[in-house]
Amino acid sequence: MFKKLIQKARIKSPWLLHYDCGSCNGCDIEILACLTPVYDIERFGIINVGNPMHADILLVTGTVNYRNREVLLNLYDQMPDPKLVVAIGSCALSGGIFREAYNVIGGVDKVIPVDVYVTGCPAKPEAIIDGVTLGLNLFTRSKKGKIAHAR
Amino acid sequence: MTETAVYILIGLIAGPLLGGSVSGLDRILTARLQSRIGPPLWQPFYDVVKLWGKEKTVVNVWQAFCAYCYVAATSIALVLFFLKSDLLLILFTQAVGAVFLVVGALSSTSPFSQVGAHRELLQILSYEPLLIFVAIGIYLETGSFKIAGLDTWNEPLLMKLPFLFVVLGYALTIKLRKSPFDLSTSHHAHQELVKGLLTDYSGPFLALTEIGHWYEMVLMLGFCSLFWASNWFGMMILILATYFLEVLIDNVSARMNWRWMLGYVWAMGLTLSLVNIIWLYVG
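If you're matching them up, the sequences are chains A and B in order.
Counting from 1, one number per residue, gives the positions in the first sequence under the working numbering.
Counting from 152, one number per residue, gives the positions in the second sequence under the working numbering.
Rather than coming from a laboratory, the hints here were simulated on the basis of the structure.
Careful, some of the hints might be misleading.
Unchecked claim - Calculated lysine-lysine pairs in the DSS-like style (CA-CA distance at most 30 Å, straight line):
(1) B:K207 x A:K12
(2) B:K207 x A:K8
(3) B:K207 x A:K3
(4) A:K110 x A:K4
(5) B:K311 x A:K110
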């Protein structure tokens, strides 16, 4: 019973950590738009935290390059399990228009496992909220608090 | 004997239940003031249960030890309050809890945690003398530091100690981590110092600090209730009005720095306390 309660609480209280890997700020503005009174994602218990140690969901925007790869990995490692990664926008998915650049590794999934991909350039706030709720459903399927990273 | 056991049980259960609901109410009120809808009332409980189910990661053993001590001290302080014990004893037990939280934060080397811990120490330095003055005021009026002595008091203390109630308001704002005094950590602090004092507490230990904070919140609101202990209706009105005012102040004011806090709180708090105590003594 207690396990079920924890599982319910996980879905009801996801705390977000937002990391900008080198995005043009388009997707970042859309993420922050979700927090405004128009979308008000705090209705669902979602809080934007600045500390990876408190976060449940990592939102990543922008392309990964050789410099910020370490930072992204560090943030991911600091988050306690169970955790989710949501890649937002074309750049985070595949590198976008920068994928040919010499310093770009590509999408976020080249470095850390990604659970949900949200498309768009920039991604719409509605799409971001959809992506996060889709990711939350993965919590119900998790075993022993860990999520099998199926792609 | 059984009565004592019942009071202990009430204290232990009422802390998290009331504290959680009150902070849920706080989040709804804050959201409404910002023209948002806000989370459900029981959102803080979801948060704590979720944190409880997360992976255990600690910086070192001391941090975990301090988190447990914080909850233990704050819950004991609240139980003592429900047992109508000595005001000074309650204050000191509560202070021990607050210091353990700081020591836990200091045990990590993270700069955010360190800065948060130092600021929390300054906050403790600001509000502790004020709380002692409130206790002294209550003693001068009722002739006893025991809360039990207030039961037979027919006139609300607020009439005799109005300035000391304002002073308690300052301490309450600091203790509830509300603007303009939310220097060490706050619900929204994520740009300036990540999460300050609580940066390195994570998972179940963050849940423990949250539960400890609920105990403290109920204890502080309990202190407010002493000022209208003569009837339940007046007490409820006083607590609700004070809490609404706290949320309002939190929303309309910006975070200030510690120099301002120490200067302002000491200058205003100590002056108001002295004026009230002298007035009591002369009158």
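Problem - Contradicted hints - numbers only - result: 4, 5
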